[in-house]
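Heads up: the protein sequence lines correspond to chains A and B, in order. Per my numbering, the first sequence runs over residues 31 to 513. Per my numbering, the second sequence runs over residues 31 to 513.
Just so you know, these hints were derived from the structure itself, not from any lab. Any given hint could turn out to be false.
Put simply, identical chains are the same to the list, so a pair is met inside one copy or across any two.
To be verified - The calculated SDA-like cross-link candidates involving lysine to any residue, where the alpha carbons are at most 20 Å apart (straight line), are:
{"id": "1", "residue 1": "LYS424", "residue 2": "TRP335"}
{"id": "2", "residue 1": "LYS308", "residue 2": "TYR221"}
{"id": "3", "residue 1": "LYS244", "residue 2": "PHE444"}
{"id": "4", "residue 1": "LYS501", "residue 2": "SER372"}
{"id": "5", "residue 1": "LYS334", "residue 2": "LYS424"}
{"id": "6", "residue 1": "LYS342", "residue 2": "ILE389"}
{"id": "7", "residue 1": "LYS308", "residue 2": "PHE444"}
{"id": "8", "residue 1": "LYS380", "residue 2": "LYS424"}
{"id": "9", "residue 1": "LYS424", "residue 2": "CYS258"}
{"id": "10", "residue 1": "LYS334", "residue 2": "THR428"}
{"id": "11", "residue 1": "LYS244", "residue 2": "SER178"}
{"id": "12", "residue 1": "LYS501", "residue 2": "TYR221"}
{"id": "13", "residue 1": "LYS242", "residue 2": "LEU290"}
{"id": "14", "residue 1": "LYS334", "residue 2": "PRO449"}
{"id": "15", "residue 1": "LYS308", "residue 2": "GLU481"}
{"id": "16", "residue 1": "LYS501", "residue 2": "GLU513"}
{"id": "17", "residue 1": "LYS380", "residue 2": "ASP311"}
Protein chains: 2
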Amino acid sequence: MTEGRRRCTGAPGHRWGTDSLAKLRAGRAALLGGLIGVSGALAAVLANDIVCLAMTPVLIEGCIRRRLNPLPCLLGLACAANVAPARPPGVSIDRGSTRERRAGDDPDPSRRGGVVVGMDGLWAYDGTLTCYTHRMGTRAYAVTSDSSPFGAHSITRREPTATDVAIEILYCGVCHSDLHIARNEWGMTQYPCVPGHEILGRVANVGSDVTKFKVGDIAAVGCLVDSCRTCSSCEQGMEQFCLNGPTMTYNSEDRHLGGLTYGGYSEAVVVDEAFTLKVPDNLDPAGASPLLCAGITTYSPLRKWNVGHGQKVGIVGLGGLGHMGVKFAAAFGAHTVLFTTSPSKVEDGKRLGANEVIISNDEQQMNQHAGSFDFILDTVSADHDINAYMAMLKLDGTLVLVGAPPNPLQLSAFSMLFPRKHLSGSLIGGLPETQEMLDYCGRHNIVCDIERIKMQQIDEAYERMLRSDVKYRFVIDMASLKE
Amino acid sequence: MTEGRRRCTGAPGHRWGTDSLAKLRAGRAALLGGLIGVSGALAAVLANDIVCLAMTPVLIEGCIRRRLNPLPCLLGLACAANVAPARPPGVSIDRGSTRERRAGDDPDPSRRGGVVVGMDGLWAYDGTLTCYTHRMGTRAYAVTSDSSPFGAHSITRREPTATDVAIEILYCGVCHSDLHIARNEWGMTQYPCVPGHEILGRVANVGSDVTKFKVGDIAAVGCLVDSCRTCSSCEQGMEQFCLNGPTMTYNSEDRHLGGLTYGGYSEAVVVDEAFTLKVPDNLDPAGASPLLCAGITTYSPLRKWNVGHGQKVGIVGLGGLGHMGVKFAAAFGAHTVLFTTSPSKVEDGKRLGANEVIISNDEQQMNQHAGSFDFILDTVSADHDINAYMAMLKLDGTLVLVGAPPNPLQLSAFSMLFPRKHLSGSLIGGLPETQEMLDYCGRHNIVCDIERIKMQQIDEAYERMLRSDVKYRFVIDMASLKE
């Protein structure tokens, strides 16, 4: 992580209300420095970005409207401009801190009173003066089109706001979704794309209000880096279903810097502590990193449907998700049955905890188990016959999809009707449940079975993943990024 | 119903154990009549069906094995033969009473020690002497191929066993399933086929052990006429999901007479009282008849998913099922929304109880309601886009299919995953729930909106049903069968 330019005084991410003003008046030294340099700062503003001046009346109006003293705000603006010699080409207007927007401002950008200064060091303003965002250059691996190989790429991370945690990434798991997104198989990818949402690393820096982490801690980030935190889903701790759209770890709108979020195929990441998870000390960090997606994706539905003792539970597929499904179902006490097309996986399935293994393209084996399952977790993300597995369920049994095959499932209505059965989907898990899962894994010493690779091997790893040639998750050793 | 030949003494359906023998020995007159006529009876046996003689040693052996006195059994056989002058051509071997088989006999016919005499009046013997089944010629309407029109047809009903109720059919509703089966659209039809499973009529006769009904009562029969009654589904009162296969009212194996069951497009039906339902006196009998399928099919899922106050509930389609879904959802207190493709049905939907009506092919209307439904009941049995309705559900909302479109649903996995949603099937209801539904309808005076037709109009009614040109259920006035 390349250290950015010197930081402007004032706690990043804090709204400058009367408390902040009082502190300023108490004589915070750096701000006085800004005051001294005010004329030069204004010149720099003019040179850097005419927007700075254009927004000044708006800023003053906003301050007055919010009963703030506009002078320190203007000084802060000058300070920011002073430390930012040039607005980099292509930097878009920053929409400011979403967290502040949530505090009551109009969520429609077109109707907000403010605009934001786009600079390397940024004052974000959207109806109130919200946060100072300082960017840091960060090494990463990216794809630039749906058919290009991965290559070294430089991305920008914000400097931690008051509630942010900066993490030096040690390991990042390789999820099948990474491949789907990198190759635009779900039709929603923007490039350049830096995948990776099974992130585990060491805390390198914390914002002033961070309480859960200190520098040096092991921390983790999964598929989510933000959400609105106020909707009914967020209030229930299911931020993955945020009604205003969660911010995914990559290929999502970056609510701080604008543009896109970039994932864990990189040397560092900055994430609000609310979306950063604690990792039990006893877990192997490389093996623990895929828990952030493969782990929670399987843990969540098994918990929601109360899988446990006395139940016959099927796990379809023995890949990154499936092998964790087997481990969790067995740990929860269910009679665990693995469905696989690969006879070569029978022994491994049993080693991982399966009581039985069914070769799913053997009609006779399938018929023997028809109508006998309480619950089936289908982890397969390739096209497959869902009716064959629905037929395995008993009355009121449930099959939960956690894979997302590219083509629609061909679901016979009769598969649902006779007898009454249930089909559901499940998507990762919310932050509280993800922490619960990590804590459970800590108590039961559960991690993923992994194969370590270097960042430079990612294209080859994707090809092997497509051939199911991995037991059972690739994990990138991010030290390789420095090679 | 053409009255059959005179009945042989001995309570039908009773196993002739020591109690029965004691009663016989007490001098039941008709059996003595049989004894008097024994020589003539044996001659008749010889003339009628050589099987009668062939089975005699088997019968004797079976009686001895079961510590029964073979003499009365032989007398019964003789009696049966005596009253049955000719075995009708094409009558298959009768497998006897399933109820008796369930009492502990080997369920595998190939391993049973006995065979059964096939005659117009029958002694059924399958390991024990079980029941005397006297057949009755019954007028009906049948199709004889997947493309033939309906025509008059004669079927045979058994004379009531001790637990049977014979019902003179007054009304029979016309269900879309009737059309599916008549035209072999589900690939499982055997011909001749007499559909009809929304049967309401007057009790004409009852077996000696019947307690729920007396002659003259209004009674009803739905989609089921029997089940094993011992499996876990049956024990839970969900006979429609009988693990040994329920006996459907038509196009199912007839456990009494062999061959097929025949449905309600007929003048009479004989059903075990356990599968016969009581109909509240205050309900219009014609309007009540479709409650037996359209009613319970919609009532059951709305009850299972606890639809009620504070919920936004959608009903897809305003046909026979849909109009009952609207009535029940509204009666249960839900905010009820009808989805229909027909603007002409808006007013009627509201009249039936819908708070709102959405024209489902109006994208703007659909978008306005996206993600807002707790529950949707999809009653459409034609192919349609299920994903459009999944998109209407909120987090953890459920869509239940009660229609069975001929082609597989094209279900996007993303429809299930974001946010987490549920898709289920539901199939009619068990006997206890069907009675509960009828009782509920009695208390709330709920019946179906119907159009009466004559039996002879059934082909035309099918064509109109395909055009959704019925408000909202055709009901056959069975008096027309006598015309």
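**Request:** Hint by hint, work out which the structure violates, then give me just those numbers in ascending order.
**Result:** 2, 3, 7, 8, 11, 12, 13, 15, 16 and 17
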